[in-house]
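So the protein lines, in turn, are chains A and B.
All residue numbers for the first sequence refer to our numbering, where the first residue is 12 and numbers rise by one.
All residue numbers for the second sequence refer to our numbering, where the first residue is 394 and numbers rise by one.
Be aware that a few hints might be false.
Pulled a few chain A residues facing chain B out of the computed Cβ check, cut under 10 Å [stated by the list, open to error]:
no.	residue
1	Lys-21
2	Lys-22
3	Trp-24
4	Asn-25
5	Asp-56
6	Arg-136
7	Pro-251
8	Leu-254
9	Leu-255
10	Ile-260
Calculated from the structure, these hints are not laboratory results.
Here a beta-carbon is modelled for each residue, glycine too, at the ideal position from N, C-alpha and C.
Residues per chain are reported as follows:
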Amino acid sequence: MLKLVRFEIKKIWNTTFFRILLVVMLLFFAGYYVFVYNNTTRLEDVTKPLEDALQPMELSLEENKKALELAEEDIEKKELEETIEFEENYIKESKTEIELLQEENWDAILQIWIEEAEQYAESMRINNDTHTYTFPTLFNLETYAAISKWMQEKDITPLLPADRHFSYLTFYDREVISTSRAEAESIMEYMKELSNKYSSTSIHYLFRLLGMCFSLIGVAFFLFLLGDIVTKEGLGRNGPINLLHTQPIKRRNILASKFFTAMLISLFILVSAIVFSIIVGSVFDRIGDWQYPVLIYGEDRTFTLMSMGAFLIKAIGMFMLILFFCYTILFLFSIITKRALVALGLTVATILFGTLVGEELITFSISHYIPFQYFSVFEVITNELALTLENSNLTYMNGMISLSIASLVVLVVIYIVSFIQTKISN
Amino acid sequence: MIVEVSNLKKRYKKQMVLKGIDIQVETPQIIALVGPNGSGKTTLLNCMTNLLSFQEGKVRLLGKKHTDASIFQQVSYLQDNRLLYGNLTGYDHLEFICRVQNIPTSKIKEVAMRVGMEKYLKKRVRNYSLGMKQHLLLSMVIINEPKLLLMDEPLNGLDPTSAINMRKILLELYQEGTTIIVSSHNLDEIDRLTNTIYFMKNGALLKESLQDISSKKYLITINDIEKAKKVLNEKNIPFTVTGEYQVGFEETDISLQSFIDSLNDNDISIRDIEAQKVGAEKRYRELFEEELSS
Chain A
12 MLKLVRFEIK KIWNTTFFRI LLVVMLLFFA GYYVFVYNNT TRLEDVTKPL
62 EDALQPMELS LEENKKALEL AEEDIEKKEL EETIEFEENY IKESKTEIEL
112 LQEENWDAIL QIWIEEAEQY AESMRINNDT HTYTFPTLFN LETYAAISKW
162 MQEKDITPLL PADRHFSYLT FYDREVISTS RAEAESIMEY MKELSNKYSS
212 TSIHYLFRLL GMCFSLIGVA FFLFLLGDIV TKEGLGRNGP INLLHTQPIK
262 RRNILASKFF TAMLISLFIL VSAIVFSIIV GSVFDRIGDW QYPVLIYGED
312 RTFTLMSMGA FLIKAIGMFM LILFFCYTIL FLFSIITKRA LVALGLTVAT
362 ILFGTLVGEE LITFSISHYI PFQYFSVFEV ITNELALTLE NSNLTYMNGM
412 ISLSIASLVV LVVIYIVSFI QTKISN
Chain B
394 MIVEVSNLKK RYKKQMVLKG IDIQVETPQI IALVGPNGSG KTTLLNCMTN
444 LLSFQEGKVR LLGKKHTDAS IFQQVSYLQD NRLLYGNLTG YDHLEFICRV
494 QNIPTSKIKE VAMRVGMEKY LKKRVRNYSL GMKQHLLLSM VIINEPKLLL
544 MDEPLNGLDP TSAINMRKIL LELYQEGTTI IVSSHNLDEI DRLTNTIYFM
594 KNGALLKESL QDISSKKYLI TINDIEKAKK VLNEKNIPFT VTGEYQVGFE
644 ETDISLQSFI DSLNDNDISI RDIEAQKVGA EKRYRELFEE ELSS
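So here's chain A without its partners, still in its complex pose (with noise of 0.2 Å):
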């Protein structure tokens, strides 16, 4: 089995197609590299705004200071020497906070953070303000605060721009209160803005990447890649398959031994995207912290935390799972039509048919059994999935478990049709 694959691989990889789409592929990793690290939030962002917000106030402080030596009237002194007040405090933790960046004291900045959102949910908590929509939601303090003690905890650096929770929303902060609906909106576009967060770090880097193809675009483009590895050697017609028919080899391994290229082949670009982020991020930022913390909702307002490193290691087990299973259902289709196009063409369509019906039945009993539920992997392990179609029941362990199964069902049918051929034939 092993030599058939090996000799699938070479074959492959001498062909000027899938070299082609190699490079393609790594012009888009780079080029998306090059979008992520120009979007990146620096350190000098953050503080060069902070500093230019001060010499106003400073200079309004100077103003009413003047303003508080000359004034006659108790009330406009009241006034003044509360606003002098105020704009010392904002002027000082403001110094602080920029000091504190400067010195990239993310110990002490976390730790100001905590106390705010905590005391924050705590206010929310006493008015009984707990399961609405607006920002911020007790969900999001909360949360926040939790991936703060996290990051503390851990020695993690946090992603910028770091406007405490106003540059993070969850799936719960869903509007802001404002005078005007357009500016509800407006405030809600800006705040989105900011907590879509990018990072040239290797790790932030991957997780955006494959958040990106870890979907239907993903499964197409790798069934595009390899859409007639059975068919190509014409299958049922004169062609190289005959060489693999009049050699030593039974008809199942060399089936067999396609669909482990496949597989093969679909991990090598998958460890390639991994290697290459960690290069580029390492030349050009750094590798990161693999255990930044990723927010996975749970039931009535829960939630847990996990590593960005294990999330990525549990998403990249289910894209694979899905490839699997959409390899399965491309290698019954190719014995079927012996027609590459053909083959492809159902395959694509039956994903398609497939995620409609899985919508179609959210509200049954068995929808969470349908395994094309399963394409978004990153809302699947974060439960965003589940919250969304409001069906707890769509969890990745649902996820592998029906997908496993689907594809075990489509293995036996292959297995089935491969023997009714054969009879057929003899």
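Start from chain A and add chain B according to the hints.
Positioned in the frame of chain A, the structure of chain B alone reads:
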């Protein structure tokens, strides 16, 4: 039994393309399958090697069912060059066969030299000429030293030198004990190769054979006639001088292989071996008179 084909029937839709073929081969020999296009030669070979299914009959090669993939340890089938991978080199193809058949890869060079393709062994097949591809196909089927060699039009695209070389190799393999079943349109080459010819007509095997009416006379082209005369006379091997570089030899008590060995042992190289017999073309004309006249 080396080959056992019994009542083999194959239908394409409603047309019968093989009409109950029977072939039994018990001892090593070279058999030529001759017939016009569409007579069923390739279909027969494909059925025998399980590349095509058939509706009726039985095929056993070297005592095993033809569906048993393990037969290909000892059975080779030279097909058309569409089975080659254009992006791979000749070496890659041979290496693959070596690996799946557990043959040491050191044999690749040896076979390539025997066939005469060592110069372009590492080139990609897509850059090969038709003749070069035939060379590779030949290397691929002889590298495992098969007991049974099936060949479909092996002489296609070969220049005269290569054709002579291929014939020489096939005769050597036959001498080594390989049974060869070869389909070809080239009746002259067939004549030079064997005297056992199975004619195929409309899916039926006409068991006309030139075996009984052929002699075992050979014309052997060599590089040094004087030296050959001396060696053969010394060893009391009967021969006739038939040309400036050619001697005639008839197999009697002394086999063709012994004759060749005697020459080779004395550094006389053999350039060609030609079997003299009743012409395949003559018999073909008799059998396919209708087709030829139409």
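For each hint, the structure was consulted:
A distance limit of 10 Å between C-beta atoms decides the matter here; for A/Lys-21 the minimum to chain B is near 6 Å, and the interface restraint holds. Annotation: interface hint on A/Lys-22 holds; nearest CB of chain B at approximately 6 Å, less than 10 Å. Contact between A/Trp-24 and chain B, as hinted, is supported at the beta carbon level, the nearest pair being about 9 Å apart and thus within 10 Å. For A/Asn-25, the suggested interface contact is upheld, since its CB lies about 4 Å from the closest CB of chain B, less than 10 Å.
Because the closest C-beta pair between A/Asp-56 and chain B is about 50 Å apart, greater than 10 Å, the hint is violated. Look at A/Arg-136: its Cβ only gets to about 67 Å from chain B, farther than 10 Å, so that hint breaks. Given the 10 Å rule on beta carbons, the hint for A/Pro-251 holds: about 5 Å separates it from the nearest Cβ of chain B. Evaluation of the A/Leu-254 hint against chain B yields a held restraint, the C-beta minimum of about 4 Å falling below 10 Å.
Using the Cβ-Cβ criterion of 10 Å, the hint placing A/Leu-255 at the interface with chain B is satisfied: the shortest such distance is roughly 9 Å. Restraint check, A/Ile-260 versus chain B: the minimum CB separation of about 6 Å is within 10 Å; hint holds.
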